[in-house]
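Start from the sequences, fold in the hints, and give me the full structure.
Keeping their order, the protein sequence lines are chains F and H.
Letter by letter, the first sequence follows residues 1 to 265 of the working numbering.
Letter by letter, the second sequence follows residues 1 to 523 of the working numbering.
Any given hint could turn out to be false.
Now the in silico label distances, taken between C-beta atoms and shown as ranges [as the list claims (entries may be wrong)]:
(1) H:I262 to F:A99: 45 to 55 Å
(2) H:M252 to F:A60: 44 to 54 Å
(3) F:G106 to H:F402: 42 to 52 Å
List of simulated lysine to any residue pairs, SDA-like, C-alpha gap at most 20 Å [as the list claims (entries may be wrong)]:
(4) F:K204 to H:V229
(5) F:K103 to H:T498
(6) F:K103 to H:R177
Everything labelled a hint here was simulated from the structure, so no lab data went into it.
Just so you know, even glycine gets a beta-carbon here, dropped at the ideal spot from N, CA and C.
So you can see what is in the structure, the chains are spelled out below.
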Amino acid sequence: MLAINFIRRLFLVALLISVPIAGLAQQGQPSIQQLLQEPFLDDYYSNVVYGYEIVTDTQANASRYVGNSLNCSNCHLQAGTQQEALPLNVAGMYPKWRAKNGKRNGIGLRIRECFLYSMDGIMPPEDAPEVLAISAYISYLSQGQIMGAEPEGRGVPTLPDTGYDPNPATGRAVYLEQCASCHGAQGEGVAGMPPVWGLNSYNKGAGMHDIREAAGFIWANMPLGNGKSLTHQQALDVSAYLNLQIRPSDPRDSKFLKLLEHLIN
Amino acid sequence: MIRSYLAEATPSFAWRNRLGNWRTEIFAGFVGAILVIPQGITFAYLAGLQPEYGLYCAIFVTLFCSVFGTSSMMSGPNTAVAILIGTAVLPLAGRGSPVYIDFVFLLCLMVGAIQLLFWLMRGARIFQYLSPAAISGISAGAGFLIIMASLDSILDLSTFKTTFFYEKIYVIVSDARDLVNPYSLFIGLCTIAGGYIGRRFSPRYFIIIAVTTGYLSGLLVAFIWPQPVTELEYLGRMPIEWLPLHLPTINMEYLMMSTMLIPYAITIAFIGLAQSLVIVRELKMETDQDINLDKEVYAQGLANLLAPFFSSFAGAGSFNRTKANQSLGATTPFSGIASAGFVLVLITFLGPILTYMPMAAMAGTLFIVGADMIKWRDIKHYAQVRAELVIYLATFISIMFFGLATGVVVAVFLSVSVFMLRISQLELSVEPIESGVLLKVKGALFYASLAHLTEKFHSHVGKNLTIDLQFTTHIDQSAVDFFIRESRNMAAQGVRLTLLINEKQGHFLKKMGVNSDIELVAV
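Below, the structure is given as structure tokens:
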């Protein structure tokens with residue numbers, strides 16, 4: 001057994017040294033594209049790639065815990081690398097206290113809550129492979145950030161006070177004109193574009209269900225590829241309109257409804 | 001030669017003629033399918049894989065084993081094999097990650113190949129040397145490991161992992177308030193209670209009763225407290241495909257790393273075959289099925305070799321499902337084929353319900369399965385012979401402390417040494433006759449048993465010796481060398497060595513070059 005252990009260690013050390021050398025020489029770490037080309041990855045980088053695959057195609061790679069038809073990259077645009085679109089380079093910010101659940105959150109709990117609320121699914125266990133892979137990917141993206149400091153363009157921009165209340169009626173008009181071509185007149189989404197309400201969208205406990213949060217996201221990024229073209233007021237109106245629509249209930253307060261939703265959906 | 005191998009390698013379907021009562025077979029398959037679903041899910045968990053791989057194992061390993069085999073044995077996900085896969089691959093990659101899955105499939109390919117090698121070398125008879133006490137000891141040890149693994153999920157110890165059971169028990173006892181999830185414990189206890197109470201009413205389906213109780217108690221908990229409070233672990237959606245084809249990744253780097261999997265692959269192949277063959281031998285004794293042991297080895301090996309191509313891990317024969325199958329009256333492999341089909345159908349329709357199955361309920365059934373494998377009756381049975389009891393207890397305790405692989409090595413070593421000790425005992429009787437001393441030898445005369453004979457020789461120095469070898473079962477070269485050496489010594493002292501032999505022994509002794517110092521007398 002000792003000999004086996006020794007050989008095993010030898011192999012691991014050899015792998016750990018040999019695989020990342022190519023990337024380290026250039027700019028700290030290999031890019032995801034480079035990693036995807038590698039024939040063999042060590043445990044960390046294979047987890048990073050797995051995390052990347054989960055973020056870009058959650059439906060295929062983490063379907064166990066997903067209850068709707070969204071992918072992580074529907075909100076974390078460009079696989080979580082785009083600023084002001086909830087970028088994922090936030091490993092240095094955790095653990096931190098969050099008002100949402102009233103306790104100090106590690107990155108693991110943060111990811112698990114994403115599955116519970118935004119993905120309207122069930123909470124994965126702490127040691128689920130999917131959670132570990134996503135946290136590896138988040139650590140990978142956070143390379144170069146200062147620990148504890150807020151990364152540039154974190155979250156979504158906070159919109160200034162426009163002096164008017166958000167108006168869902170004008171929001172509806174804006175939605176039908178600007179958004180419906182991709183997200184559907186009934187918010188059901190078309191091929192490749194996420195549904196924004198209905199039972200296949202995020203639930204009422206999600207961060208996006210907050211009017212100001214969603215407005216910031218919409219103003220900065222929507223319509224896709226043409227961000228910041230709406231006025232602040234238009235973004236707030238659309239956000240208020242979305243907020244009125246039917247969507248899965250908050251898993252924190254309607255337990256029985258939640259069960260029924262899971263059983264029928 | 002090659003033709004006989006080919007005849008074994010093709011499915012014979014000879015059982016078609018005996019398929020009189022196909023309704024019984026189909027019903028037995030249905031019950032087998034219901035029994036295997038919780039087992040497949042929990043064993044996949046033990047192997048460190050996602051649950052669907054266990055279900056694929058329950059479908060495809062069972063199917064291939066039944067198609068190519070000749071008996072009504074139910075193959076499929078197996079406890080010991082699953083635990084060994086987990087112990088082998090966990091040091092190489094994170095549980096459930098893609099690399100981990102690649103390594104598991106590579107390991108299963110190796111297991112299948114080794115088992116096919118066993119078949120080619122007619123290895124089925126090796127397993128006769130593993131004593132029943134050792135097999136019971138391995139089974140009991142595996143049961144203990146299952147109970148310990150099930151505690152992880154019942155108490156929701158996901159933050160605390162250790163391989164040492166005493167450490168685990170100590171921490172659970174001393175830190176119960178911080179560590180144990182009461183909701184999870186409640187569901188687990190409901191499941192176990194449901195299982196043991198259900199067994200009184202229906203000894204055949206109690207696993208199903210246990211799972212249902214656990215599921216309902218899980219619904220009750222979810223109805224009162226939301227998931228962010230309970231932090232319960234659920235099974236989740238299973239992306240089941242009807243034909244999950246998968247090409248295992250094989251390249252230089254994987255093969256380099258996989259050299260350290262080889263000892264585990266051999267152990268898994270051996271353990272898997274040992275269990276399957278014990279089951280098949282029992283079936284052969286108790287029923288009048290037309291069973292070919294070599295063909296069963298081939299079927300098991302081929303099933304494990306093909307398993308990775310269908311996203312499934314290796315399996316072996318299952319004691320409890322074969323027993324259920326037998327008690328329902330199934331006598332042909334058709335029940336296994338039916339079982340595989342029913343698993344596929346049931347999973348497709350049960351999928352949405354299973355999403356909300358708490359892992360604690362699954363672990364509760366696992367606890368019952370594990371507790372069933374440690375049988376008080378076995379210990380009492382083996383306590384009658386000291387050697388058997390030593391084998392049983394040593395196997396069990398070494399599995400408890402050092403894991404399954406070490407325990408198997410201990411079991412094999414002890415079985416073989418007890419066997420060797422017994423076989424090296426010679427039955428010697430000394431009679432004085434007019435020319436000197438007559439020594440009757442019963443047993444096998446080989447290097448290990450010579451010491452015994454040497455003592456007798458040395459206590460009769462200086463007398464004419466006549467050795468009666470008629471009742472000796474086997475003579476090897478070292479025994480002949482011994483006789484030649486002794487006869488020379490005796491000739492120097494002026495006495496003679498006479499051997500009473502039969503014809504076959506005469507040929508052998510002449511071939512080994514017996515000299516004129518020994519007088520050979522044919523009887």
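Taking the hints in turn, this is what the structure says about them:
In this structure the supplied range 45 to 55 Å holds for I262 of chain H paired with A99 of chain F, their Cβ-Cβ distance being about 54 Å. Taken as a hint, the range 44 to 54 Å is violated for the pair M252 of chain H and A60 of chain F, whose Cβ atoms sit roughly 28 Å apart. Distance hint check for G106 of chain F and F402 of chain H: the Cβ-Cβ separation is about 34 Å, which falls outside the suggested range of 42 to 52 Å. Pair hint K204 of chain F plus V229 of chain H holds up; C-alpha atoms about 17 Å apart against a cutoff of 20 Å.
The suggested pairing of K103 of chain F with T498 of chain H is violated, with an alpha-carbon distance near 93 Å, which exceeds 20 Å. Note on K103 of chain F and R177 of chain H: the hinted pairing holds, with a Cα-Cα distance of about 19 Å set against a maximum of 20 Å.
Taken one by one, the earlier hints fail for this structure at numbers 2, 3, 5, listed in ascending order.
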